[in-house]
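Student: Residues per chain are reported as follows:
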Amino acid sequence: MKVTQLTVFLENRSGRLAEVTDILGKAGINIRGFSTTEAAEYGILRLIVPDPEKAREILHKEGFTTHLTEVVCVAVPDEPGGLARVLDVLAEQQISVDYMYSLSFQNICFALRDIDRAVGLLKDKVRLLSDEEVRGL
Amino acid sequence: MSTATANAPGKLVPDEVGGLHWQAEAETLPTRELGELQLARLRATLQLAYDNVPFYRRKLDEAGIAPGDVDCHGRAQDLPFTTKIDLRDHYPFGMFAVPRDEIVRVHASSGTTGNPTVVGYVRSDIELWGDLIARTLAAGGIGPGDLLQNAYGYGLFTGGLGLHFGGERLGCTVLPISGGNTERQLKLMRDFGATAIACTPSYALYLAEAARDHGLGPDDLPLRVGFHGAEPWSNEMRAQIEHGLGIDALDIYGLSEMGGPGVAFECRCKAGMHVNEDHYLAEIVDPQSLAALPEGEVGELVITTLSRRAQPLIRYRTRDLCSLIYEPCECGRTFARMTKPVGRTDDMLIIRGVNVFPSQIEEVLMSIPEIEPHYQIVVDRKGYLDVVEVWIEVGEDIFGETMGQLDSFERMVQQKLYSVLNIQAKVRLKEPRTIARSEGKAVHVIDRRTETK
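As you go down the protein sequences, you meet chains A and B in turn.
To convert, note that position 85 of the first sequence is 85 in my numbering; the numbers rise steadily by one, no gaps.
Residues are numbered in my numbering as their position in the second sequence, beginning at 1, plus a constant of 137.
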């Protein structure tokens with residue numbers, strides 16, 4: 001029960017992330033989950049998509065450097081201690097976790113350079129979650 | 138100075154390593170006598186320049202040096218320099234030290250920008266040049282009876298006619314085939330039994346490949362020795378040429394400003410090029426401070442002509458970077474040897490006081506197989522500090538899964554660069570196809586320090 005994850009190398013230039021999502025969107029590829037990691041000058045975008053080979057081919061043609069990796073996706077029980085139970089199994093056998101991220105695609109957390117301006121720009125186009133709403137999730 | 142520098146035709150005698158001397162006495166002159174000869178000829182050259190070239194009269198007056206003042210090598214280091222720009226400024230004939238009607242030949246460099254560099258010869262200059270080339274060819278072991286296929290281009294370029302007259306002066310048979318037409322080169326080489334070839338190293342390599350394509354191995358060709366110059370070339374290239382054509386490939390150095398090829402030449406030891414020190418005074422200076430560098434250090438080669446009459450040049454900055462070897466050579470020649478030029482001052486970057494050649498950086502990058510052949514070196518100044526970035530593209534061979542992999546790759550490249558360059562260079566990982574490609578010569582260096590000045 002392994003899943004193939006698509007990894008993309010990105011330079012830290014504004015709009016670069018949007019280019020990837022545009023390309024995949026136009027190709028009809030739905031992003032099921034993702035995470036980004038960044039260093040000073042570049043970042044790594046990790047994607048879970050329905051057809052990672054096809055997505056890779058499309059991005060490759062557009063000049064992106066990509067990589068496919070095997071990962072494990074877990075349905076974690078939505079209750080206190082749910083995540084802990086999964087991690088405990090791994091910790092007991094000393095299997096280390098390189099990184100992990102959530103797959104749920106509905107609610108996404110953004111860290112942005114100009115947060116107030118971003119809020120102003122987004123608030124009429126998409127639904128932003130309030131502090132209370134997030135606590136109630 | 139009159140006829141003091143005119144040379145009697147040479148006489149071939151063996152050297153110590155299987156080659157020949159053309160002018161054995163001059164080529165093996167004891168160091169002290171050579172120094173005295175150089176000083177006498179330097180004074181005469183200064184007088185000639187002072188009396189006849191307004192540019193040098195002004196330069197020497199400004200420096201407060203009279204031609205007779207120069208009494209030892211130390212004093213020679215106070216003399217003013219001459220640059221290519223000075224030659225361009227006096228285009229076409231402003232650097233001539235003799236009336237135009239005494240000039241018997243004029244050559245000119247191609248000059249990709251602006252005016253070409255002009256070089257004039259009186260009859261004795263042509264004869265001297267012939268002797269210098271004859272020394273070069275003799276050192277490779279050829280003489281009368283040999284057939285020299287001269288595949289250097291004939292024309293304004295000094296290579297063709299220089300080797301031609303040198304070959305005739307030596308007494309070998311010269312085939313003035315000039316460059317190109319490789320089929321004919323190979324046919325005549327075999328039909329005429331050419332034993333020596335003169336051409337650029339890149340053309341020699343091309344000929345070797347063409348010979349192989351025609352099913353001709355090194356044993357099928359009569360060639361024994363090749364004389365290759367006018368371009369930088371490495372010892373790896375030498376090995377390929379020697380293997381492909383079955384010859385000894387010897388290096389030859391010169392520049393049109395100095396009269397053409399024949400300033401320095403290799404003996405069969407292939408361990409540096411002997412500078413014809415009886416006719417050229419060679420020094421190595423720091424290209425920035427222009428101070429003389431200690432023996433063995435790499436710096437800019439500066440040459441003063443000691444015998445040329447039409448166009449004496451004082452402390453001419455060649456822009457070639459090399460070092461001089463003064464240890465005696467096995468061949469018996471007493472002339473100092475210059476190493477193969479490691480680069481040009483035009484290419485050299487000075488970063489935090491350290492001399493860095495883009496070629497060194499390229500070598501490091503090319504030694505790492507995962508790195509794509511596209512790179513860029515960006516030099517900038519942050520505050521008072523020079524910073525160097527080496528941009529490389531992240532191909533799929535480098536890109537793994539985690540940040541740590543990229544990070545350690547970056548550090549590995551940085552470490553390799555540091556061990557070669559002795560300066561910290563920041564490696565920047567770029568997306569594929571983001572480093573500019575160019576049709577012709579790739580632009581590998583962006584120096585932003587000059588943009589902000």
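Take these hints with a grain of salt, some might be off.
What the hints assert, rightly or not - No more than 27 angstroms apart at the CA atoms, straight line, and that leaves these computed lysine-lysine pairs for BS3-like:
#1 K61(A) to K324(B)
#2 K567(B) to K26(A)
#3 K477(B) to K519(B)
#4 K477(B) to K221(B)
#5 K54(A) to K563(B)
As the list claims (entries may be wrong) - To spell it out: a stretch of chain B is covered by chain A in this simulated footprint if at least three of its residues, at any positions, have a beta carbon under 8 angstroms from a beta carbon of chain A; those stretches are:
#6 540-554
#7 564-571
Calculated directly from the structure, the hints in this document are not laboratory data.
Note that this is a predicted model, so its numbers are computed, not measured.
Using N, Cα and C, we set each Cβ at its ideal position, and we do this for glycine too.
Student: Does each hint fit the structure? Answer for all of them.
Tutor: Consistency of the hints with the structure:
1. K61(A) to K324(B): Outside the cut-off at roughly 49 angstroms; violated.
2. K567(B) to K26(A): 25 angstroms, holds
3. K477(B) to K519(B): 35 angstroms, violated
4. K477(B) to K221(B): 21 angstroms, holds
5. K54(A) to K563(B): Violated, at roughly 35 angstroms.
6. 540-554: Result for this restraint: holds, n = 3.
7. 564-571: This one holds; 7 residues, not fewer than the three required, reach chain A with a Cβ under 8 angstroms.
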